[in-house]
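Here is how the chains run, residue by residue.
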Amino acid sequence: MIGSDIPALIPITFLAFAVLIPLLGLWKRHLSYYWAVLGATIATGFSALGFYNYISGSETIRYFFGGWEPPVGIEFVYDGLSGFIVLVINTIALFVLIHSRLIGKREFPGKVTGYYSVAMLLMLGFNGMVLTGDLFNLYVFLEISSLASYALIGIGEKRAPYAAFRYLIIGTVGGSLYLLGVGFLYTVTGTLNIIDMAAMLPEVIGNSAIITALALMVAGIGIKAALFPLHGWLPDSYSYASSTSSALIAPIGTKVAAYVLLRVVLYLFGVDIIDSAIPITDIIGILAGIGILYGSVMAIAQSDLKRMLAYSSVSQIGYIIMGISLANPFGFIGAVLHVLNHALMKACLFLVSGNLRLKEGHTDITKFDDSYRKKYPWTMVAFTTAALSMVGLPPLAGFFSKWYLALGTIENSNWLLLSVILISSLLNAVYFFRILEKVYLRDPESTDEKTGIISSLTTNEVKPSMLWTTSIIAFGILAVGLLNAFIVSAIVTMFPAGL
Amino acid sequence: MELTFVPLYAVLVSLAAVPFILLSSGKPNLREFWTILAGVVKFLLVLTLIPAALEGRTIELTLFEIAPNLPIELRADPFGVYFAIVASGLWIFTSFYSIGYMRGHKEKKQTRYFASFAICLSSTIGIAFSGNLLTFLIFYEMLTIATYPLVIHSENKEAIRAGRKYLAYTLTAGLLLIAAVGITYSLTGTLSFQPGGIFGDVELSNTMAVSLFLLYLGGVGVKAGIMPIHSWLPSAMAAPTPVSALLHAVAVVKSGVFGIIRVVHYVFGPEVMGNFGLNDILMVIAGVTIIVASLLAFAQDNLKRRLAYSTVGHLSYIVLGAAMVTPLGLTGSIMHISAHATMKITLFFCAGAIMVNLHKKNISDLNGIATVMPWTMGAFVIGSMGLAGLPPINGFVSKWFLGAGVLEGDMMLPLIILIISGLLNVGYFFPIIHRAYFKKGGKELEGHTEASPFMVVPIVITATASVIFGLFPDLFFHFFELASGIAETVFNTL
Chain A
1 MIGSDIPALI PITFLAFAVL IPLLGLWKRH LSYYWAVLGA TIATGFSALG FYNYISGSET
61 IRYFFGGWEP PVGIEFVYDG LSGFIVLVIN TIALFVLIHS RLIGKREFPG KVTGYYSVAM
121 LLMLGFNGMV LTGDLFNLYV FLEISSLASY ALIGIGEKRA PYAAFRYLII GTVGGSLYLL
181 GVGFLYTVTG TLNIIDMAAM LPEVIGNSAI ITALALMVAG IGIKAALFPL HGWLPDSYSY
241 ASSTSSALIA PIGTKVAAYV LLRVVLYLFG VDIIDSAIPI TDIIGILAGI GILYGSVMAI
301 AQSDLKRMLA YSSVSQIGYI IMGISLANPF GFIGAVLHVL NHALMKACLF LVSGNLRLKE
361 GHTDITKFDD SYRKKYPWTM VAFTTAALSM VGLPPLAGFF SKWYLALGTI ENSNWLLLSV
421 ILISSLLNAV YFFRILEKVY LRDPESTDEK TGIISSLTTN EVKPSMLWTT SIIAFGILAV
481 GLLNAFIVSA IVTMFPAGL
Chain B
1 MELTFVPLYA VLVSLAAVPF ILLSSGKPNL REFWTILAGV VKFLLVLTLI PAALEGRTIE
61 LTLFEIAPNL PIELRADPFG VYFAIVASGL WIFTSFYSIG YMRGHKEKKQ TRYFASFAIC
121 LSSTIGIAFS GNLLTFLIFY EMLTIATYPL VIHSENKEAI RAGRKYLAYT LTAGLLLIAA
181 VGITYSLTGT LSFQPGGIFG DVELSNTMAV SLFLLYLGGV GVKAGIMPIH SWLPSAMAAP
241 TPVSALLHAV AVVKSGVFGI IRVVHYVFGP EVMGNFGLND ILMVIAGVTI IVASLLAFAQ
301 DNLKRRLAYS TVGHLSYIVL GAAMVTPLGL TGSIMHISAH ATMKITLFFC AGAIMVNLHK
361 KNISDLNGIA TVMPWTMGAF VIGSMGLAGL PPINGFVSKW FLGAGVLEGD MMLPLIILII
421 SGLLNVGYFF PIIHRAYFKK GGKELEGHTE ASPFMVVPIV ITATASVIFG LFPDLFFHFF
481 ELASGIAETV FNTL
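For the record, the sequence lines run as chains A and B.
For the first sequence, the UniProt record's numbering gives the first residue as 1, with consecutive numbering after it.
For the second sequence, the UniProt record's numbering gives the first residue as 1, with consecutive numbering after it.
None of these hints come from the bench; they were simulated from the model.
In this text, a Cβ means the ideal position worked out from N, Cα and C, and glycines have one as well.
Heads up, a few of these hints could be off.
A few chain B residues that face chain A, going by a derived Cβ cut-off under 7 Å, partial list only [to be verified]:
| # | residue |
| --- | --- |
| 1 | E65 |
| 2 | P68 |
| 3 | I138 |
| 4 | E155 |
| 5 | L175 |
| 6 | I183 |
| 7 | I468 |
Away from chain A, derived, C-beta distances all over 12 Å, residues of chain B [what the hints assert, rightly or not]:
| # | residue |
| --- | --- |
| 8 | T4 |
| 9 | M355 |
| 10 | D365 |
The shape of chain B in the complex, shown without the other chains:
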């Protein structure tokens, strides 16, 4: 099969669904059918790219020049395929879940919701398959705009305030990214992503290297939720839960960390990172973020906000892995992209199911809910324990490689951070489980049963997936093989 155009189709399929979604606005079932159809087709398209990615092949497609010498270029390299699998695969579950959630909640303007979601997914896959920084930038900004209607979906004061904050952070970031990309272009004359970086032959002054790197960090770091520019993320929890689940645990924030890895390993390259001490800067930021976010998570009583801070912390695991600049560290970092995605989406799904079913948002109200929602809370236990890094859940595997990367680079501090953070994770998740299972629930629980199957089934599947990929990381999608292959290409080019 000719694969050249597959990346393009994968990007466009959800965009093509948008008119259909808009036109069938009066018929909810037909409308959701388009969403699901686009999701399945997109996922299948991405799957066809796996064999080539496993061979280390890159499928390139230059569309047209959008500026002289700067084409819109799609490139499905193994790393892009990896991210695309995660995003498009989880979109299907989120779509089913959204149907249950949005109808269960009787949300208004569902057409706008599903249409924006489809655009978001096109942008995310576009980010995954961007062959150069300009293409990346275009999809990155598209994602910003397409997410905005989702953040403000409920249109109350809190949501609108969150939307403003979101735009303020992400638009500023976009501008910093433009500056960074512009400077890169004038220094190197190219913008394409190369494993090992594009700065090899360029004389960089120290100030220039550091300030350029900080510009990039500002640009992609906002979506990656690194501190101190993370605070849009907890506020954006005003969005409906499926949005928090897919966008703020998978698509948007992962686009951020995806961008950081691209910048570190495909623009600067390990050598330049080391020469100017850029990896140290990144590591300090990531370390501080991990610890502080975990501590802040303790203070949140709102379940979604606690999950949000946990997300901030775990995103920085990925950043930390990238900052180690070792093959194993990068492997762990990439594997944490998929691991954190399945686990965190499970947790958000649970939070949403609890909210729709029992109308409870706060952790202090969760006493005894495991008796009425056994499946949901079972999945919650799996997800949270996985995030704390317990085997046999996939969070353990990625953490294992992160730890191995630390040892490979002969560093002490990151190891300590990882250990402390693991404990903190247990610390902020355990009270929730404790309340749900061991405390007695109030009278209001009577008469309630498990949430709608539209929600419970995706929850169970994503939770099961977390366990399966913990036991067999190479099953189905060859996550481990892909990740180690990517790390190999990046470091072999040195």
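So here's chain A without its partners, still in its complex pose:
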């Protein structure tokens, strides 16, 4: 039956297309885009099917590669949480890839075959990280995704290779720290399988090697997730990369790292024992809080839309990590829901910035004015929806992740983090309304002073492939907001033991 093979089929699809695209590219290069979209569609189909099976009551699927049972072999675990995350990231990737056709022609002509092949590798890495049940295997996929993202970021503006190189250096340090941590764990427990190890850890938790391992792993993953103060690589990478790379990596990349953190903290170590060694949840909670505020303040200071969105990502990833650090049911719901919500919002915003960059050739906020609304009315509606959701206005999706996170902080009586959430929403309002005000109210410079009539301005909306993907995601923000009770009731079934 296809259902039980889904954990393997999803990454294999991406792997197959990563190989196929260059080969077929030899034949007809311009078809690469369509192959990539096809690959993403198939993978999204598998993810949707798997998740459908899950909510209609099927058990966790443990897939043993080659029939080797753990702890000897490597297993993929498709449970509710990994199924959910896989569905989210593949759906977003599908939309971004559909959106990318014209951007590809403009921003990396002649490199499309390589680009889409690497994009498939990136998705292979992300899916593998989410699905694998083996700590070392996770490292392998982490490196696959990292190498792919260095390449994707390197294709961009003049300064992109520099940003990619910096990311490579920092990212490699992160990967190595994680691997070191895994090594420590392995020497103590003798296993690399997550489920297996989780059963052994309570007995050895006081061991200083375990504590070191935990610290190393959190630091390593923290770099990948851009947890403050380990976020330094992110703003440059996102702002100088090609629009498609930003839109692909920003909504998904750091989320997957945050997901790994969640697995390590709440599933591998577990709520009950993790804080008995060192107050690790308090530490990452505080760091997340600082990151939220820092990211928002820095976002206000930016004059380029993409760079602003990059800093906003630093802030938003803080929400997810804060939810994890709360280690209570509401925090968990908030974190997982925010993975979805933020993926939608950031994807939408980066797609809008891609649309603008394609049409206007820049994303300089200081040049935005009323003419944008007239030229790109629907793009701007999508932007407004996503922006209001980022500010956290109901009934848009962003409100609800904030709501659950707030409930989580209240449950822990953590008033400090509660105020961080609230203040940051306000800061979000500052940097988004600043743009909305310009787009809707500022008279363009081409306005005729006397008559008030803007010379020769007609609707000049982007092509359907870009407009529809942007709009559907924007609509998704509203839909997810209204339907979040349904989603949350699914998330509730994913609670790790001990919550």
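Please build the complex by placing chain B on the supplied structure of chain A, with the hints as guidance.
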């Protein structure tokens, strides 16, 4: 007739009009037809709810769960119906008036204006019929956003600055409200409004009670214009006058005081209020606001700004009535919602008519205008005297009950505040009337006549309504019966 879905229809009807308004953007008459149609239908829908409200029945409709165990819930209880009557009834007049004003002023972007107005009204009725705090919060935030395009309508520097200020205040308030609602949920496990409060069985520490109450006050108090968080309101006078009239005298600010009464009597409940001295906090704030706002009103030469400060003061009458935590005080407080609405909307309408007709914004320029605009200024006299609390205008009735509530609670200070404030009201309104009637106007008045009938007719109607409801508070809408019924339910559950 099955009433279950009426509240939902009442909320949605103006929202449904928005696409039609947007689509008929090129045909002003058709566009305004949709607005008027939606207004009339909405009002009629609300009217069908009155009989049930008079019987004290509550019509509940649970739509769907927007978060686990937290449904979007509409509940037309008597208090909600009361507020809905006021808001939807006055919307019709404001729509007519808007047509006269916007066309008279040749305003740009009228489609956006009428569309936003319709969304505002949906949100306001949504607030009135919210069955729980989460639903309330959602409509409350919707109202904030839908009002923003109206505040910045003229798109000049002043309007944009006012818009920023408005957002800064109201968005912050929304966040405080989220925190307050979240804490309430984690303490009580419920968010639904209950007459008499939902904190009955909960052990509250003193600090928790006070800080939670202050969070709520910050949340709903901004729109209610209590000091020191009132200052967005005078700035928002940069908006077109119909916006000031309906939103900043009726819908938005009344949503704020409506929220305060909901919080005081339906979330905390009279008992908890008294136990932790929360009513004293509220009363001090309201008292200070009343006096200071009245004094500040003196200093304003801009007519709309003077009215704005007067609004700030009168909103706190309502808050003061809620803070008394006595049945009569609450009755007076609720009646002042409708009384202040009809009177203040009249005054704003007058200010707008003067501005469109004579292009005068400042009080010092109003000499002798009663000779050219007799109807408008007559209505102005009625409205302002009513606000000062003179019979037989409805402002007197509500003030009477506020006074009775003070005596019922055996309190001295609020009574003194009410008396002083009445005098101050006379003090800042009388100079306007004096100028209009007894000073000689300049040459520029020659050739001017009364403003457009689109504006004058609503003015006369709202002014007449103020008198009629002063003489017969139970006519048509049974304002008094509703208000006393509400007070009874709240205090009977003790």
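Comparing the hints with the structure gives:
Satisfaction of the interface hint for E65/B is found here, the shortest Cβ-Cβ separation to chain A being roughly 4 Å, below the 7 Å cut-off. For P68/B, the interface hint holds, the least distance from its beta-carbon to any beta-carbon of chain A being 6 Å, beneath 7 Å. Evaluation of the I138/B hint against chain A yields a held restraint, the C-beta minimum of about 4 Å falling below 7 Å. Restraint check, E155/B versus chain A: the minimum CB separation of about 5 Å is within 7 Å; hint holds.
Because the beta carbon of L175/B sits about 4 Å from the nearest beta carbon in chain A, less than 7 Å, this interface hint is met. A cut of 7 Å between beta carbons decides the hint on I183/B: the least distance to chain A is about 5 Å, and the hint holds. A cut of 7 Å between beta carbons decides the hint on I468/B: the least distance to chain A is about 39 Å, and the hint is violated. Every Cβ of chain A is farther than 12 Å from the Cβ of T4/B; the closest lies at roughly 21 Å, confirming the non-interface assignment.
For M355/B, the shortest C-beta to C-beta distance to chain A comes to about 21 Å, beyond the 12 Å cut-off, and the non-interface label holds. Taking the minimum C-beta to C-beta distance to chain A, about 28 Å, the non-interface status of D365/B holds against the 12 Å cut.
Going down the numbered hints, you'll see the structure goes against just number 7.
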